[in-house]
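Q: Spelled out from the first residue to the last, the chains are:
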Amino acid sequence: MVENNSESRDGKVTRRQFALGFIGAAGLAAFGSLLSFLKVLTPAKEGSGYVPTVKSGDKLVYAKGSRQGSLLKASDLQIGDAVLAYPKGKTKNVANIVQLIRLKESEYKPPTRVNETDEGFVAYSAVCTHLGCIVGWKRNNKDPEASIIECPCHNSMYDPALGAKVIGGPAPAPLPQIGVKVSKDGTLVFTSGFSGPIGPKV
Amino acid sequence: MISKWLDERLELQKFKDKFLTKTFPTHPSFLFGEIALFSFITLVITGIFLGFLYEPSIGKVSLFGAMVPAAYASVVRIDLLPMGIIIRRIHHWSAMIMIASIIAHLARVYFTSAYRKPREINWLIGLGLLGITLGAAFTGYLLPYSQFSVTATSIAYYITESVPWIGDWLARLIFAGEFPAHATVPRFFFLHVMLIPVLLLSLIGLHLLILVKQKHTEPGANRNRKEAQAGRRLIGIPVWPEQNYISVSLFLFLMFVVVLMATYIPLNPIELYGPPSPEATVMRPDWYFLPIYGFLKLIPGDLSFTIAGGKISPEAIGGVFFPGFLVMLLAAIPFLDRPKEPQNYIENPLHRPFMTSLGIAGATLLFMTTLSGYIDVFHIAPSAMAIYVIVAIAAAWVISYLLLRIYSRSGKKGEHVKN
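As given, the protein sequences belong to chains A and B, one line each in that order. Using the working numbering, the letters of the first sequence correspond one by one to residues 1 to 202. Using the working numbering, the letters of the second sequence correspond one by one to residues 1 to 419.
Please keep in mind that the hints were generated in silico from the structure rather than gathered at the bench. Treat each hint with caution, since some may be false.
[Said to hold, decoys possible] Here are the simulated SDA-like cross-link-like pairs (lysine to any residue), alpha carbons at most 25 Å apart as the crow flies: (1) K90/A with H182/B; (2) K165/A with W240/B; (3) K104/A with K201/A; (4) K55/A with P278/B; (5) K16/B with G231/B; (6) K138/A with E227/B; (7) K138/A with F322/B; (8) K88/A with L20/A; (9) K22/B with S277/B; (10) K59/A with K18/B; (11) K104/A with K45/A; (12) K64/A with S277/B; (13) K16/B with H182/B; (14) K215/B with W240/B; (15) K55/A with Q68/A; (16) K201/A with D168/B; (17) K45/A with K215/B; (18) K64/A with S383/B; (19) K201/A with F322/B; (20) K92/A with W240/B; (21) K88/A with V68/B; (22) K142/A with I380/B; (23) K18/B with M1/B; (24) K88/A with P278/B; (25) K55/A with S277/B; (26) K73/A with V114/A; (27) K64/A with G231/B; (28) K201/A with S383/B; (29) K90/A with G65/B; (30) K201/A with V76/B.
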């Protein structure tokens, strides 16, 4: 029974130690091979998230409310108003959603792309750069010019007159801007793509 | 007759003598764990009902003429069944009560130092149970696939993605691709009704097995009772029949409270939230996630840096490192507060100034970060709120420590005089 003791004499490996070591190594290898299954459980991204399909020339439509899907008119918005909008026919892709805002044209200062605003209209991606909620409009009724974009989820605040610069809260980056103009029939049209990537910057 | 028939085959009398005579200390604060267990049982029973009717898919189906995700439609149909909405609310309320009672149980064990040697293992299992229960709540959030579900889960997706180094991989593992993927709801359904309950059940079993083996701690006052002087280890009442009456009464009372709340207090009204749509409404998570939610609001967006190729973003700090740090601290406690001898009596929290004041500081942290979730309501700037949070925690810690110190000193002096 001496050689069955786990303690070996004169530093030699006993049969039992060898067998235990072998079983241990085999078990470890078996477990290691199981880890490859983790790859099966992590599907690749479909590339569907936040790839805007909006093109220059797309008309703006209401994103929600009773007029959802109908064309936006410049006369629908007063100074200090804002509305969520989609490009017509591309309302299934949330990356396309924009916050359309009307302020006084003279209010816009760089880093706003002033050549992409028209008659006081400016449009930014409505997907918050913090954690991807859809931003809201916090109208300042006393001074409509001082209204701001605010995300309802974690209160990130953006200044619409300064290129949607972050003025408060946890958002790491401004909202990308997209060019808009008022066409001859009074509807609103996109004139460019977004100025940057859409969605959270994590 | 039946009991005799069973006893001849299963030796029930032997089982009864061995386990049902286990002593149970009689203190009401020892019942929090039982409340958690009963809530879990309620969750399983109502969950079976819901599982028969729920459809884990986001394929579009017609509901009253509108095309909505099948998961959402199936939950609306559950709500329309006789008692359907009540059972769904019982499920939701029980989840909240389970989490609340686990937290109360944890606080009881912490403040009375019942976690000390030899009960470190059960302390860790208990923390695991809390974590997994929160996981169950989180996966359950998504299942109705309402506007609220999708917004909340989307936030969680980006927090997961913000985990340094492994975020992308981890997010794809948990959410089965990039949320909202078609595979997310089936995966969450599987986690919620299969993997997590099995884990919970196993850990609850282990928790109780270790409890039976190690026995309860008991109030320190028991030391002086004559049974203890005569060498008896644990003073209390046997599981059968006395404790059994208390437990059954407690379960029935809990059911009464839960059914009453489910009947009269609306909860997660998915018909009001509606199916997923681009909405801009205030979304606050259930109360147990509010500390993380509030903490996320406090961190400035430009606070980010890179360590060894991993980006530490504000979301990672608020959503990963903050709760991770709290859990690690809790897990470390029985290894920091380490008596030489095994401890079987609990202690009066008023006589442990440091640990009790640390616990009070921790509770203040959770309370203040919860409050931070409402800075938009109170119109407080995040930077100001961050200062209030730090000041409140420091003040709670220092003041409670000093007061307890004075109290325990005077108490010890009093004892000394008596002796």
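Q: Against each hint, give a clear statement of whether it holds in the structure.
A: Hint check:
1. Under the criterion of a C-alpha separation no larger than 25 Å, the hint pairing K90/A with H182/B is consistent with the structure, at around 20 Å.
2. For the hint linking K165/A to W240/B, the alpha-carbon distance of about 67 Å lies beyond 25 Å, and the restraint is violated.
3. Restraint check: the Cα-Cα separation between K104/A and K201/A comes to about 30 Å, which exceeds 25 Å; the hinted pair is violated.
4. Under the criterion of a C-alpha separation no larger than 25 Å, the hint pairing K55/A with P278/B is consistent with the structure, at around 20 Å.
5. With a CA separation close to 24 Å, the supplied pair K16/B and G231/B stays within the 25 Å bound.
6. For the hint linking K138/A to E227/B, the alpha-carbon distance of about 69 Å lies beyond 25 Å, and the restraint is violated.
7. About 30 Å separates the Cα atoms of K138/A and F322/B, which puts this hinted pair outside 25 Å; it is violated.
8. Between the alpha carbons of K88/A and L20/A the distance comes to roughly 69 Å, so the proposed pair goes past 25 Å and is violated.
9. Between K22/B and S277/B the alpha-carbon distance is near 55 Å, which puts this suggested pair outside the 25 Å criterion.
10. Note on K59/A and K18/B: the hinted pairing is violated, with a Cα-Cα distance of about 78 Å set against a maximum of 25 Å.
11. For the hint pairing K104/A with K45/A, the CA-to-CA distance comes to about 42 Å; that exceeds 25 Å, so the pair is violated.
12. With a CA separation close to 8 Å, the supplied pair K64/A and S277/B stays within the 25 Å bound.
13. Simply put, K16/B and H182/B have alpha-carbon atoms about 51 Å apart, too far for the 25 Å limit, and the pair is violated.
14. Among the hinted pairs, K215/B with W240/B is consistent with the structure: their alpha-carbon atoms are about 15 Å apart, no more than 25 Å.
15. Taken as a hint, the K55/A and Q68/A pair is honoured in the structure, with Cα atoms around 20 Å apart against an allowance of 25 Å.
16. Restraint check for K201/A and D168/B: satisfied, since their Cα atoms lie roughly 13 Å apart, inside the 25 Å limit.
17. At most 25 Å may separate the alpha-carbon atoms for a hinted pair to count; K45/A and K215/B exceed this at roughly 50 Å.
18. A hinted pair counts as satisfied when its Cα atoms are at most 25 Å apart, and K64/A with S383/B does not qualify at roughly 34 Å.
19. For the hint linking K201/A to F322/B, the alpha-carbon distance of about 20 Å falls within 25 Å, and the restraint holds.
20. About 62 Å separates the Cα atoms of K92/A and W240/B, which puts this hinted pair outside 25 Å; it is violated.
21. For the hint linking K88/A to V68/B, the alpha-carbon distance of about 21 Å falls within 25 Å, and the restraint holds.
22. For the proposed pair K142/A and I380/B, the alpha carbon gap of about 20 Å is at most 25 Å, so the pair holds.
23. A threshold of 25 Å between alpha carbons decides the hint, and for K18/B with M1/B the separation of about 22 Å falls inside it, so the pair holds.
24. In summary, the hint linking K88/A to P278/B is supported, as the alpha carbons are separated by about 15 Å, within the 25 Å threshold.
25. Taking the CA atoms of K55/A and S277/B, the gap is near 22 Å; set against the 25 Å cutoff, the hint holds.
26. At roughly 21 Å between alpha-carbon atoms, K73/A and V114/A fall within 25 Å of each other, so this suggested pair holds.
27. Proposed proximity of K64/A and G231/B is contradicted: the alpha carbons are some 74 Å apart, above 25 Å.
28. The straight-line distance between the Cα atoms of K201/A and S383/B is roughly 22 Å, inside the 25 Å bound, and the hint therefore holds.
29. The suggested pairing of K90/A with G65/B holds, with an alpha-carbon distance near 22 Å, which does not exceed 25 Å.
30. For the suggested pair K201/A and V76/B, the alpha carbons sit about 35 Å apart, so the restraint of at most 25 Å is broken.
Of the hints listed earlier, those the structure fails to meet are numbers 2, 3, 6, 7, 8, 9, 10, 11, 13, 17, 18, 20, 27 and 30, in rising order.
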